[in-house]
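Colleague: Go by the hints and put chain W with the ligand onto chain C.
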Amino acid sequence: MYAFTFHRPQTLRQAVGLLAKNEEAKLLAGGHTLLPTMKLRLAGPPQLVDLSLVDGLSGIELRGRSLSIGAMTRHNDVNTSPVVHEAIPALAKLAGLIGDPAVRHMGTIGGSIANNDPNADYPAACLGLGATIITNKRRIKADDFFTGMFSTALEPAEIITKVSFPIPKKAAYQKFKNQASRFALVGVFVSKRGSDIRLAVTGAGANGVFRVPSFEEALKTRFSPKSLEGMSIPADGMNSDIHGSAEYRAHLVGVLARRAVAEAIGK
Amino acid sequence: MSAIGIGAAVRRKEDQRFITGRGHYTDDINRPGQAAIYFIRSPHAHARIKTINKSAAAGMPGVAGIFTGTEFAQDKLGNLICGWTVLSKDGSPMKMAPHAALAAGKANHVGDAVAVVIADTLAQAKDAAEKVKVEYEVLAAVVDPAKAAANGAPLIHEVAPNNTIYNWHLGDPAATDAAFRNASHVTALEFVNNRLVPNAMEPRAALAEYDAASGSLTLWNASQNPHVARLVISAFVGMAPENKLRVVAPDVGGGFGSKIFIYPEEVVCLWAARKLNRPVKWTAERSESFITDAHGRDHVTKAQMAFDGEGKIVGLKVHTIANLGAYMSTFSSAVPTFLYATLLSGQYEIPHIYCEVDAVYTNTVPVDAYRGAGRPEAAYVVERLVEVSARELGIDPAVLREKNFVKKFPYQTSVASLYDAGDFNASLQKALQIHDYKGFAKRRRESERNGKLRGIGFASYIEACGVAPSSLVGQLGAGVGLWESAEVRVNPTGSVEVLTGCHAHGQGHETTFAQLVADRLGIAIDQVNVLHGDTDIVQFGMGTYGSRSGAVGMSAIVKALDKVEAKAKKIAAHLLEAAEADIVFKDGKFTVAGTDKSAAWGEVALGAYVAHKFPTSEIEPGLKESSFYDPTNFTFPAGCHICEVEVDPDTGEAAVVGWTAVDDFGTVVNPMIVEGQVHGGVAQGVGQALLEHTVYDDKGQLITGSYMDYAMPRADNLPDFKVDMTVTRCPSNPLGIKGCGEAGAIAAPAAVMNAVTDALGTEAIDMPATPASVWAALQRTNKLPRAA
Ligand SMILES: Cc1cc2nc3c(=O)[nH]c(=O)nc-3n(C[C@H](O)[C@H](O)[C@H](O)COP(=O)(O)OP(=O)(O)OC[C@H]3O[C@@H](n4cnc5c(N)ncnc54)[C@H](O)[C@@H]3O)c2cc1C
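Protein chains in written order, with this note's numbering: chain C, 1 to 267; chain W, 1 to 788.
For reference, chain C alone in the conformation it holds in the complex:
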């Protein structure tokens, strides 16, 4: 690790101010992505702005027809929250599939989506549920937020404060884990809210999380795994590495999509 200055602002305004003043400063949330890269000297921000004491950044709240989760809410809190279990059980399950207990007690939803790791789980939920990412400046639709691997629509000195998930009628997440890292080799999140059907894929794409319009169309006719029978997506644009070829990942998208739909309809 390189030396850095550690800031612990109490308010969002102070945090934004610190970011604005120090161009290379980094926000610190759960630290479970940022700190390992700093320990390996792959990152060396001269300033860290810790969000843990900033008021109002964590917590889970039901607001009308949507579920709002504060950026600093830990994966474990989402996983064990009765409110989430009631409103979007698939989201609670997803949080419980992230890493191990140590990771889930430290890692945060804001950190996860800001980081937009191509194999992370939350981006699939955000895109698959049509979430809105709320920052100190604006509201960003998930469809516009994830802009490629490890990249997002966030601007300098922009801080995620919460994520708002519309409550679906049905939803499910299927994760096929990379055997080593246990991140998603492929993960598929599907949801149905009225006629709005979304199916988002993480892990597989060379460019990060993406939706599968052809699957969504097919599911609009009938929300059943049968509607996806025999359907697949092209291997083009899929990631390929020692853990699986592009063809394998494309194949898994189909398998997991069918399983997710089956789970969503309780089969």
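Since the hints were made in silico from the structure, they are not lab data.
We put the beta carbon where it would ideally sit given N, CA and C, even for glycine.
There may be inaccurate statements among the hints.
Claimed, not checked - With the Cβ distance kept under 7 Å, some of the chain W side facing chain C (calculated, not the full set):
hint	residue
1	F585
2	V695
3	Q701
4	I703
Claimed, not checked - When the alpha-carbon atoms are kept at most 27 Å apart in a straight line, the in silico DSSO-like pairs for lysine-lysine are as follows:
hint	chain 1	residue 1	chain 2	residue 2
5	C	K226	W	K783
6	C	K39	W	K133
7	W	K783	C	K177
8	W	K430	W	K408
9	W	K302	W	K312
Modeller: For chain W with the ligand alone, kept in the frame of chain C given last:
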């Protein structure tokens, strides 16, 4: 059986300390004035070191010294060595290339250390290391053992043309060929035994201190054999005379072989500590462990097994290319030869066997012994061949095994091993019954109804442990004897210290060795302390590996106890005023036969030290005896493991859903610890078969250099194990122990892959059978569950 003696499942004495974080490892030790050392390692697999410019780093804060391989070479220390000479077919000795602790001139693998920075803190050392400019000329690299000896492959060491270390063989080629000519069926297979990264929980570590007053050096080192480390660093590297070098291996958190070897880091720490007159500490970071701990396995093999018309094996031919990496590690030469080919008869009568092994250098991390060392590779060859033969011949694999088992002992194999005792069919039959083999067809149908493919696989493995008879290993080229030592030191109050040359790094010696002693002397287990791991405290010993501590180390303790008891009886005779011949020692009491006169163990111990009541001209005061025990043969643990897998054809995931292990370890000292060793060994074997994939790219970069990419087995990768035993005593040692530490890792890979290939209906898949590779195999065979 007593509540604490041999056969009792006594709880491990050491666990309280380990589980509550009170273990004391090398990295926990800090010395006054200590500095941190950081190794600058080659990022290239093969590169000439053109220049190293340290001027920008020298003045950095906290820096105490920066040294390069060239400076190390100026001190004319010796090289690291491989201590076991293997001869090629033509009688020429193996081509051992020089291995300096710091590379000068050329780096030969990613991770090869080329310079060091020593500073007050590790962060300072790292900061300065970034300013050390190393200019490399990158050379073409070779990583694939099958390509290393090819014409035109980059040459790694001048002394080894074609990168070939030796072309070794064992057995009679003409007789084996003749057996094949007359055979009615031949099964042929080709496979890769995948390279593994050891991954002990505690990374390697070294702390070196120089005492200028006495001119002596102390090395704290995560080592499985501190005395051997001292011997090599003294006699071969020439760091210091043996009496001026103390090596301490305190608590050590796992080794699996990787901490047997003498590595560059400990040598450099000692050298730097003396040069700077300052303690110097190094603890590997995990990413360093991946590129410096000696790896395991890495064979490419072609093998054929021949049968007569009755299904009897008549011959076996094996050709193996063994990748030894960039340098020959301490015992690397013996692993793919004497620890491998000598086990190729498996549990079977195979009249003719011929094995050729070509060992090669590549631009990869050195390869050496890793849990099982040679024997998992041999068991994989034999058990895969037998299983596939059964499929080809249409014979039940259990029946084919039974038909070919060695049934009479002793049995001289055609590959030098002399099996002393065993009952292979007993293990097989017991395993079949426990596993409910008969119920497999039904379980398979159930799986198929759920859209899954189910397979079953056997491994009737044998291994050679209890290393080893010294003169025998001497004839085979070993540079050392492989006896073990013990000292039993009785204190005046009757408590006991046992000093052993073995070293525990997870095996539970503090408990099992104490069980033996406490039971024998009739004292409480808490009254026995087992001391190991410090060359200043313990007499010379050979350390722990090759499942040797029970069979060899405990035998030495038995011999020392015999002497203690004999002397204590003499003293008791004087105390009780009786003839020595009439003294009976039982349950911690010396009794005069036929009388009620007795003396307790503690009284006799005190008597020995007070020395009032016996003539010290005849009997020396004190009660302390030692023994050096040399085994007369290897021991041969054997058993039968059955694995059942369920494959999801949609994802390619192979889940281990059933495991039965029936092992014959001879006498079992502590069944709970032994069962734990089986669990751990099987977990490692399942890891090799399904998860652990060491991948280098063609440039020699390790792609799987962290846990993001290298999959270790975890609890949820494993089923509930059914573990049982059969027992035939080992005739060659006093306790009848065979050893249990490696068995699981030896049996498991073959059992898993036999099950996976059974499920898939194709033999064309190598380890690890990852979901992606299983899925790819299924794309080729188009096999689907019947009911689907
Ligand atoms: C062993 C291990 C296993 C893991 N397994 C999984 C897994 O299975 N699935 C998975 O999805 N993830 C996994 N992770 C990642 C984990 O979920 C991380 O916690 C998460 O990705 C990042 O969240 P964090 O709170 O730790 O963020 P940090 O590491 O603190 O920050 C990450 C990045 O986000 C920025 N940031 C943080 N908060 C905000 C904010 N509010 N607004 C704007 N930018 C912000 C930071 O500046 C930084 O650049 C794993 C991590 C580890 C160490």
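Colleague: Starting from the hint list further up, note which numbers the structure goes against and sort them upward.
Modeller: Those not satisfied are hints 1 and 3.
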